[in-house]
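S.K.: The chain contents come next:
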Amino acid sequence: METVFNNNNYDFFIYLSYIVTFSSLIFLFIFSYLKYLISKKLYSAILEKNNDT
Amino acid sequence: MIDYFANPSRFVRITNILVPWLIVAVGMLFILGLYLGLLKSPDDVVQGSAVRIMYVHVPSAWLSIFSYLLLAICSLFFIVWRHPLADILSRSIAPVGALFSLLTLLTGSIWGKPMWGTWWVWDARLTSMLILFLLFMGYIALSNAFEKSERGSRPAALLAIAGSINLPVVKFSVDWWSTLHQPASIMRTGGISIDSSMLLPLVIMFLAFQLFFILIIIFRSHSILIERKIQHLKVMGKL
Chain Z
1 METVFNNNNY DFFIYLSYIV TFSSLIFLFI FSYLKYLISK KLYSAILEKN NDT
Chain R
54 MIDYFANPSR FVRITNILVP WLIVAVGMLF ILGLYLGLLK SPDDVVQGSA VRIMYVHVPS
114 AWLSIFSYLL LAICSLFFIV WRHPLADILS RSIAPVGALF SLLTLLTGSI WGKPMWGTWW
174 VWDARLTSML ILFLLFMGYI ALSNAFEKSE RGSRPAALLA IAGSINLPVV KFSVDWWSTL
234 HQPASIMRTG GISIDSSMLL PLVIMFLAFQ LFFILIIIFR SHSILIERKI QHLKVMGKL
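Each protein sequence line maps, in turn, to chains Z and R. Numbered by this note's numbering, the letters in the first sequence go through residues 1 to 53 in order. Numbered by this note's numbering, the letters in the second sequence go through residues 54 to 292 in order.
Keep in mind the hints are simulated off the structure, nothing from the lab. There may be inaccurate statements among the hints.
Distance ranges between label pairs, derived from CB positions [as the list claims (entries may be wrong)]: (1) R:K166 x Z:F22: 18 to 28 Å; (2) Z:L34 x R:S62: 17 to 27 Å; (3) R:D248 x Z:F12: 17 to 27 Å; (4) Z:K41 x R:G244: 24 to 34 Å.
Partial selection, computed: residues in chain Z whose CB lies under 10 Å from chain R [what the hints assert, rightly or not]: (5) D11; (6) F13; (7) F22; (8) S24; (9) I38; (10) K40; (11) I46.
Short derived list, chain R residues pointing at chain Z, Cβ under 10 Å [to be verified]: (12) L155; (13) I163; (14) L278.
Glycine residues also receive a C-beta, built at the ideal position from the N, C-alpha and C atoms.
All chains should be built: construct the whole structure from the sequences, respecting the hints.
M.R.: In structure tokens, the structure reads:
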């Protein structure tokens, strides 16, 4: 961490850019993964229900 | 080969195998990229430590151009062969590409403030990147503008193909016009002008971003494919 902390006054901008980027990527991952899981479960539930009837 | 992968069931089967491997690879590459980028790479002689913003800004920029190119190719496949998977992939790519182009604009702005003294200038590179973001947004709006979502696929695909004219403008804007944005350092005729200590974290971050993009496209395309199957069941009266 030395390299980042003991530097000049650009730290704020460096952290801001990394926080903006990685919070967006994490949000995108969680959102897409949950949507993928929910739609998969929903479809298999529909198929099961159709097979039962 | 395209025919082989264009079968939706085969596409789902193959991509399902890839998902766990991609998650592991993306996680490892991001950790390595962050370690090298934030802790190991040296400061730039002109930019100082602000050069570290490049490790997230440049991969985002490359990926937004790549994703638009992919969107235009998939749209062309959809227009010519009417393949439903091409439409599903286009719809999966557009929001992700929009996010990466927005990230390019934001991280570029954050870099611009300490380096140029301003958050934004109407520079050719910045403006063409903003147009790329608006083209992604236009595609998303047009493809979802109709009650029956498939009706929006064709006009949105035409917009994506027409908008691809902006891609060379984004890439070559720094050569064609006198801009504040620095010229290319890697993909240029004179060879790479960046030191290997900075090139390595950049390449690793790019690989991480690229695999992350593929992973998200797999998730999104599977979700859309299932939504279409459910819609089909509704139409058939089985729901």
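S.K.: Now, for every hint given, state plainly whether the structure supports it.
M.R.: Tested hints:
| no. | hint | verdict |
| --- | --- | --- |
| 1 | R:K166 x Z:F22: 18 to 28 Å | 20 Å, holds |
| 2 | Z:L34 x R:S62: 17 to 27 Å | 23 Å, holds |
| 3 | R:D248 x Z:F12: 17 to 27 Å | 25 Å, holds |
| 4 | Z:K41 x R:G244: 24 to 34 Å | 51 Å, violated |
| 5 | D11 | 7 Å, holds |
| 6 | F13 | 5 Å, holds |
| 7 | F22 | 8 Å, holds |
| 8 | S24 | 6 Å, holds |
| 9 | I38 | 8 Å, holds |
| 10 | K40 | 6 Å, holds |
| 11 | I46 | 7 Å, holds |
| 12 | L155 | 8 Å, holds |
| 13 | I163 | 4 Å, holds |
| 14 | L278 | 9 Å, holds |
Figure legend: structure checked against the earlier numbered hints; the only hint not met is number 4.
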